[in-house]
Each structure stands twice: as structure tokens, then as C-alpha cells.
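**Student:** Dock chain one against chain two, each of which comes alone in its own frame, and use the hints as you go.
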Amino acid sequence: MATPFGVFRSPNISPDPEVGIGNWSMLDFINAMVLGLSPELEHYYPAFPYPHYQNINYDDLIDLKTYLDTLPPSPNQVADHELIFPYTFRRGVGLWKWRYLERNKSLRTSDPKTPVERGRYLVTGPGHCGACHTPRDVFGGEMVDRFLAGAESFEVGEGPEGESEGRIPNITPHSDGIGDWSETDIAYSLESGFDPDFDSFGGSMVEVQENTARLSAEDRAAIAAYLKSIPARRSD
Amino acid sequence: MKTFLLVIFATAALSATTPVTFAQDEVPFQNQIEARQSFMKIYRFNIGMLGAMAKGELPYDAEQASAAANNLLAASKMSNGAMWPAGSDMNSEGLEGVTWAKPDIWTNFPEVGEKSRALTEALESMAAAAGDGLGALRSNMGAVGDGCKGCHEPFRASKD
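Order-wise, the sequence lines are chains Z and L. Sequential numbering from 21 applies to the first sequence in my numbering. Sequential numbering from 10 applies to the second sequence in my numbering.
By construction, these hints were calculated from the structure, which means they are not laboratory data. Treat the hints with caution; some may be incorrect.
Result set (BS3-like, lysine-lysine): computed pairs, CA atoms no more than 27 angstroms apart in a straight line [to be verified]:
#1 K86(L) to K50(L)
#2 K248(Z) to K86(L)
#3 K168(L) to K64(L)
#4 K168(L) to K50(L)
#5 K64(L) to K50(L)
#6 K64(L) to K248(Z)
Chain L extracted, bound-state conformation (with noise of 0.2 angstroms):
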């Protein structure tokens, strides 16, 4: 786990020095912005299976709420540090209306490190819950909430 995330981080701090820039932008890091905010849509469609179960409004069903709870775990160890590159934050040139991550991600990598340590922590114990029934699945919703929130909290502004 250590290395794994001294891998997306080390990444990261990489892609801060030598940023891609792709020749179909039309703002700055168009690509990595998009990219990043389609991984985090995969987050939400898969914790959107889990909830709506959770909420009541899907029938439980212990096959679907493993596998959503699987991608959920596999996505967050997943290395993502080059969809991060410094300058593709809210505040600069460009970007706002476009991406919503706030500038204090790059100067805090080992905390948002943390944030998605924690995360993967409460979906390694959501994936071995999920398919034992509603009751298990409800039981882990609220940590993974917090794997999310833990780091919207610090690091995303609001959209409105």
C-alpha cells in the first residue's frame, strides 16, 4: 500500500515538472481535467449502485453490490498522479468553470495522499461486506461517505 502510493504521488510530483499538454486542449489540461473528473464519475456511478440500495430505491442484490464494490476498490488504486499536473487547478489561468480541484492539492500531496489511503481502506472493508446483505452494505456506506467527503472537504470547491 506504502509503495503503491509513494507510486501515484511520486507520479504526480513528475507530472508537476514535465506536465503533457495534448495539441486537442482548448484551456489548459483540458485532458487531464476531463480525465480526472471522469475517474471520479466512476466513484460515483459505482457508490451510486451501493446507495440506491442503501436508500432503498434498488432492490438489494448481492452479485451487483459486490461488483460495484469491487470496481469502487479497484479504481481507487488505480495511479492517477498525471491527471493531477501543477498549474490545472481552479485558480489558474483558464480554469475556472472548468475544474473545481483547489490549489491546495499541490502544495499538500502527502495529506491528499492520506485522503485516498483512507479511501481505499474503507472500500477494502466495503468490497468484503457487500455481498452479505443489505444490513452489511448500509453498515460500510457511512466510512466510504467519508472516504469521499474526507477529501472534498479539503481539496474541491463548490460547483454552484
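Chain Z extracted, bound-state conformation (with noise of 0.2 angstroms):
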């Protein structure tokens, strides 16, 4: 992947036991996902994006190794063309992880109680919407006071001169942002892939809004409420 920090590999996490997870365990499966780290206890580079993950629970993480050991093994060492970890071999292995939160809610511990703590969690866990959305600093680090208030896009263009594929829109509650969508507007459009003129999604968010597509509308809803609750941000 070419992005302004270099390029990066993502890894294979199907279950082939040399060149994928197969041989780890669940608890280097966690620590994969919560400090980045490998089972030889390397770190991970931020495009493999565990500073989400380290929001996701426990019982999710477990469930999402224990899907994962379901899955053929692919003995791929990396594939071409890797966009962010793990919009893209998503769809080609069929792997969701919003599937198995569905599947499985009853095993959740610590269910967030509202509808903005549910859409916290999804956004700033499983969906980990500010991977894109949220500015890096020179280090590649997401800007926390920037939260979600747009991004130059991670992935430089493949033109000859490397131009950049252009900035991720601000969904923060301002004008620059998406102040003017209701949040019927915000969880129809993670539904349908249609904002509400009726353009469709492009690029990388049509893969994250066909995932959004199979959460529940109560979870696309919460998602919606959680995103009309942020401070609204200008641009840059």
C-alpha cells in the first residue's frame, strides 16, 4: 500500500498455518488487535490499524479469532494492491466482523446502553470510522482534536506523479462537515451508499458502507445519534 508513510503489506490473517494466523494463539490474536504486537513481539505499523481495535471487546475479539479459524486458509503471502486493513480482503473472503457482533450480542459483557454509547463503540471500535477520517499527524498518528474532521486521503494516487487521491470528508455536526443531514439522512446513507442528494458513495467508503449495510438499522441509527453527538469540527 502506498500512503504518504511508505508502503505497507497487509498481513494474511487467514488461518494458513505458514504464512497466515493459523498458528497463533488466541492471546496473540489479542495482542495483535489491542497493543500491536506480533507473536514475536514486534510491533505493527499503524496500517494495521490496532488503535481501533483496542476499543473493541474482548468477547468480540475472541469471537472474531474464533470465525477466522472457520475460514479457508489462503496461503497468499500478501496480496497485491492492499487498500486499509481490513476493508479489502473482507469482501473477497466474505469475513465481516459486523456480522459476528450480530450474531453475537448476547455474548457481549459490557453492552453500551444507549444508542450514542452503542454508536461510540461501533465507530470508534469495529467500524473504526476516524482511520480515514481523522487527520495524522507527521508521525502518522490520528489528531484527537481533530476527530473526524476529514482527512487527506491515506492512499496517494497511483498517477505518475503520485497525486493524492483527493481528501475523506468531515462527518462531524458542522457546516463543513454533515450538520445538514439528519440522522435518518446519516443511517440511510450507511444503508443505501446514496447521501441525501442522492450521490452514491465512491472509493474506499463504498467497502465500509456495504458493511455498514449489514448491521441492524438500530445499530446504523445509533452510529447516526453517536455522530450527531460529536463537537462539530471545521476542516483544515
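**Tutor:** Set out below in C-alpha cells:
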């Protein structure tokens, strides 16, 4: 992956014992997802978005690993043209965390009480919306005080001069963002891929939306309620 | 269908070598770019009718729904190759902030053709179903949305 921080390759997380994570224990997996440490205790680069996965409940992680282990092993060392883990392989492999989250609602120990809390969990945890919508500092870390205020596209374009692929929109309730979208508008866009003007999503948001389309209507409404509750921030 | 697409992309290939320029253009290919963006707005307008019904913002009306779906179908069959001359992508000189068409379009014509064909197919079903009630309309929205997103995902950059 060509990013402003160099080229990243997404890891193979199929259960292939040689090149995948077939040999990882549950503990290795949770270390990787929460602490960003490989089983050899090496640090992953931030392109493996563990900062977001530390917000996922352990029960959900355990279930994700269990689910990954049921997938057919893939001997691919690394796939070409990887985008941001884990959005790209998901479509091909059919994996989807949201789906497993859905299936296992009952397993979760600390179920958030209100829609806004549930939305916060989905946005900052499994949805890791900030991986794209929050700008990064020079070290590639997300700028907390600019949370979801829009960012330079993470991927550098593949044109001859490596042009940027444009900006990722501000999704805070500011007029630079989606302040004029109603909660219904937000929830419907996550369901259908159409914005309130009925232009369709493009770019990397398409794969995200294909996943949010599989959430329950309540979860999409929760995301919408949460996005309406965060501080409005100008774009840069 | 096949011949039709060949026609579109034959036209596109041709216009790549002999692009028409217009005297009143302030930026290169302004006319073609405006035309294709307006073409997309025709899509947006009609899908907006169907979507507003699906979303519950507009009461379902069989006649209006069919009309919108048929407009979309007709538009998707329009030959528009001449609106996409080579050198009119977003990275071309003077076109930043004017067009959001990625250069990859011009190196992947067959794939762009497949994307338009996929949209037309989804719209065939939508046109057949839109007059049959809100349920039928709703169950076809997803495929039509996929038709739009399927092409925007690889070939169009974000406007923000």
C-alpha cells in the first residue's frame, strides 16, 4: 500500500499456518489486535489499525478469531493492491466483523446502554471510522483534537506523480461536515450508499458502506446518533 | 447490448484521438466535463425520486416511480463516449477541482464498459418493478446503488 508513510502490505490473517495466523494462539491474536504486537512481540505499523481495535470488547475479539479460524486458509503471502486493513480482504474472504458482532450480541459483556454509547462503540471500535476520517500528524498518528474532521486521503494516488486521491470528508456536525444531514440521512446513507442528495458513495467508503449495510437498523441509527453528538469541527 | 457498448467505447476511443474543443471553454474540455457531470445529475435526480420513496420522505406513487426508473434506464443506454476525451481527467493540467474523473478510466475502458452494463442491468429490473409497489421498489434499490457505487469506487475521486 502506497501511503504518505511508505508502502505497507496487509498481513494475511487467514488460518494458513505458514503465512497466515493459523498458528497464532488466542492470546497472540488479542495482543495483535489490542497492543499491535506480533507473536514475536514486534510492533506493527499503524496501517494495521490496532489503535481502533483496542476499543473492541474481548468477547468480540475472541469471537472474531474463532470466526477467522473457520475460514479456508489462504496461501497468499501478501495480496497486491491492498488498501487499509481490513477493508480489502473482507469482501473477498467474506469475513465481516459486523456480522459476527450481530450474531453475538448476546455474548457481549458490557453492552452499551444508550444508542449514543452503542454508536460510539461502533464508530471508534469495529468501524474504525477515524482511520480514514481523522487527519494524521507527521508520525502518522491520528490527531485526537481533529477527530473525524476530515483528512487527506490515506492512499497516495497511483498517477505518475503520485497525486493524492483527494480528501476524505469531515463527518462532524459542522457545516464543513455533515451538519445538515439528519440522523435519518446518515443512517440511510450507511444502509444504501446514497447521500441526502442521492449522489452515491465512491472510493474506499463503498466497502465500508457494504459492511454497514449489514448492520441492524438500530446499529446504523446508533452510529447516526453518535455522529450527531460529537463536537462540530471545521475542516482544515 | 454488446454492440451498443462497443459503440459507446468505440466512440470514446475515437474521441480520444480527435477531441472536440469548444471556443468558449475556460478550462480544457469544459464542455465535455460539464456535459458528463450534468448527465450524472440526471441520474441523481431520478434516483432521488425513487430513493425518497424508499426512505419514506415521499409517498409512494407507482406512476412517478415508473417514470423515474424508465428515465434512468434510458439515460444509462445513452451513448456518452464523446463526453470522456483523453486528457480530461482530474490530474490533467488545469482540471483540479473541475473534474473528479480518475485517470484510470482511460486505461480501463473495458472495465468502465462492464460497470455501465451492470448499471443498465440493475435498471432493467428496477424499471420492471418500480410500479409494483413500495416493496418491489425497495428491493431493487440496493442493486441500482451498487451500479452507481460500482463505478464511482474505482473511477471517481472524492470531492471533499
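**Student:** A separate judgement is required for each hint: does it hold in the structure or not?
**Tutor:** Structure-based check of all given hints:
no. : hint              : result
1   : K86(L) to K50(L)  : holds (15 angstroms)
2   : K248(Z) to K86(L) : violated (40 angstroms)
3   : K168(L) to K64(L) : holds (24 angstroms)
4   : K168(L) to K50(L) : holds (15 angstroms)
5   : K64(L) to K50(L)  : holds (19 angstroms)
6   : K64(L) to K248(Z) : holds (19 angstroms)
In this structure, only the earlier hint numbered 2 is contradicted, and the remaining ones agree with it.
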